[in-house]
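Enquirer: Sequence:
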Amino acid sequence: MNKEFCFYIEQICREKGLSREDVLASLESALLSAAKKLIGTKKHVNLRIDPETCEIKITLRKRVVENVENPKEEISIEEARDIDPEAKVGDFVNIPVELKDFGRISAQTAKQVIFQKIREAERAAVYNEFKDKVGKIVTGTVARKEKGIYFINLGRTDAILPIRETLPGERLKMGDTIKAYVREVRASSKGPEIVLTRTAPEFVAELFKMEVPEIEDGIVQIKKIAREPGERTKIAVISTDPSIDPVGACVGMKGTRVQGIVRELRGERIDIIHWTDDPRLLIARALTPAVVDRVGVNEEDKTAMVVVSDQQLSQAIGRRGQNVKLAMKLTGWDIDIISETEFAKLKQQEAETVFKTEKE
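Each step along the sequence shown adds one to the number in the numbering used here, with nothing skipped, and position 144 is 136.
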C-alpha cells in the first residue's frame, strides 16, 4: 500500500467514525492470513503495517542450521550471516519476503476489511441506539411479513414483531404505520435483533405516558396495570398533587386522551381507576364498570367476598370471567363475587344455624 491508500483509510475512518488503529490491526490480521497462503506455511510468518506510511513488511522467521533439511523453516549459517553477521547455529533470523502480486491482494483485502469494519460500526451504532429504547415505544412502518413475523422498518434498521405479539384479530398491511413496545434488543452476527410487542401491559402504560403529560412529569403515577390484549385493560393511577385528579388527567378533555390510546389498541376497552390503599374501596373500583354493593375482606389470606345486585352480577364477572380476573391481577386479591339473592340465602342459612345451636 502507498501513501495515497493510507490517506484513503484515514478518510474512511474519519467519515465512518472508525478507529484507525483498529482498522490497521484488522488489516494486519487479514493480510497475514493471505501471506501465509502464498508462502505455503502457517508457521513463523510475521506481517506489520507501518502506521505512518502504510508500508507492508513481511518476514519469515527461520532457524539457523548447518545443513538445511526443511527450507521453509530453516536457513544455512552462510545465508543467515548475509542477513545478520553475528548469527550462530540455533539462532532465529527474520528474513524479508517479497511476494508477487501482494500489492493487488493487499488492496483488495484492505477494501474488504474496511467495508466489514463499516458494517460492524453501523451495527454497533444501531445496537447502542436501540438498547436504550428497551421498555419504550417506537413508531415504524410495516415492511413485510415472513413466517409468522412482521418486519417493521424503524428507519436505520428493521425490527421484528411476531404475529403472536400483535392484537387478537389484528391484520397489518405493508405500509401501515404502527406503534410498538421494545421488549428486547439482542446482539447477533447479522446485527442487532429488535423484538417488538403490542400485547404487553407495559405497552399500554407507555402509551399513557405519551398521551398524558402529567404521567410523563411524574405528577400522576401508574400504580398497577392488568391487561387482556385486544379485550380490556385496567389501570390504577394516583396523583402526587392533591389538586390533580389522576383519572381525569388520563381521560382528558371529553375523553380525547384515552380515546387516542383506544384507537391505537383497535378499540380495546380501558378502565381507569383511582388507586387507594383501602382494599375494600380498591376492589370495588377494580370491578368497574360493575357497581358493587358491599365488600368483605380477609386480610390474612388476601381473599375478598364481593356482593352485587342480581342485575350487576354478569357485568361484575365479565365474559369468560374476564372482568373479575383482571380485577384480581390489578389488586392482588382473590375475589369471589355473589349476587344479593345468594348473599341473602347465605345470611338466612347462618341465621338458621345460629338459631338451631342456641335451641340445642
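No wet-lab data here; the hints were simulated from the structure.
Heads up, a few of these hints could be off.
[As the list claims (entries may be wrong)] With beta-carbon atoms standing in for the labels, derived distance ranges: (1) Q104 to G324: 57 to 67 Å; (2) G183 to D326: 38 to 48 Å; (3) I330 to A116: 55 to 65 Å; (4) S25 to A116: 41 to 51 Å; (5) G82 to N38: 13 to 23 Å; (6) S25 to D83: 22 to 32 Å; (7) E185 to D83: 25 to 35 Å; (8) S11 to D83: 30 to 40 Å.
[Stated by the list, open to error] Only pairs whose alpha carbons sit at most 30 Å apart, straight line, appear in this in silico DSS-like list of lysine-lysine: (9) K294 to K317; (10) K64 to K123; (11) K80 to K34; (12) K182 to K201; (13) K182 to K139; (14) K28 to K103; (15) K109 to K125; (16) K317 to K201; (17) K34 to K49; (18) K103 to K137; (19) K171 to K182; (20) K34 to K109.
Just so you know, even glycine gets a beta-carbon here, dropped at the ideal spot from N, CA and C.
Enquirer: Under the criterion that the straight-line Cα-Cα distance not exceed 30 Å, is the pair K64, K123 satisfied?
Expert: 51 Å, violated
Enquirer: Could you say whether the range 25 to 35 Å given as a hint is met by the Cβ separation of E185 and D83?
Expert: 53 Å, violated
Enquirer: With the threshold set at 30 Å, check whether the alpha-carbon distance from K182 to K201 stays at or below it.
Expert: 33 Å, violated
Enquirer: Take a quick look at whether K34 and K109 sit within 30 Å of each other, Cα to Cα.
Expert: Measuring from Cα to Cα gives roughly 25 Å; hence the hint holds.
Enquirer: K294 and K317: Cα distance at most 30 Å?
Expert: 15 Å, holds
Enquirer: Regarding G183 and D326, is the given constraint of 38 to 48 Å on their beta-carbon distance met?
Expert: 46 Å, holds
Enquirer: For a C-alpha distance cap of 30 Å, please report whether K103 and K137 respect it.
Expert: 34 Å, violated
Enquirer: CA of K317 to CA of K201, is that 30 Å or under?
Expert: 25 Å, holds
Enquirer: For Q104 and G324, compare the CB-CB distance with the range 57 to 67 Å and indicate the outcome.
Expert: 58 Å, holds
Enquirer: Does the beta carbon distance between S11 and D83 stay inside 30 to 40 Å, or does it fall outside?
Expert: 37 Å, holds
Enquirer: Would the pair K182 and K139 pass a check requiring their Cα atoms to be no farther apart than 30 Å?
Expert: Status holds; Cα separation ~18 Å.
Enquirer: Between G82 and N38, does the C-beta distance stay in 13 to 23 Å?
Expert: 20 Å, holds
Of the numbered hints given earlier, the model fails hints 4, 7, 10, 12, 18; all others are met.
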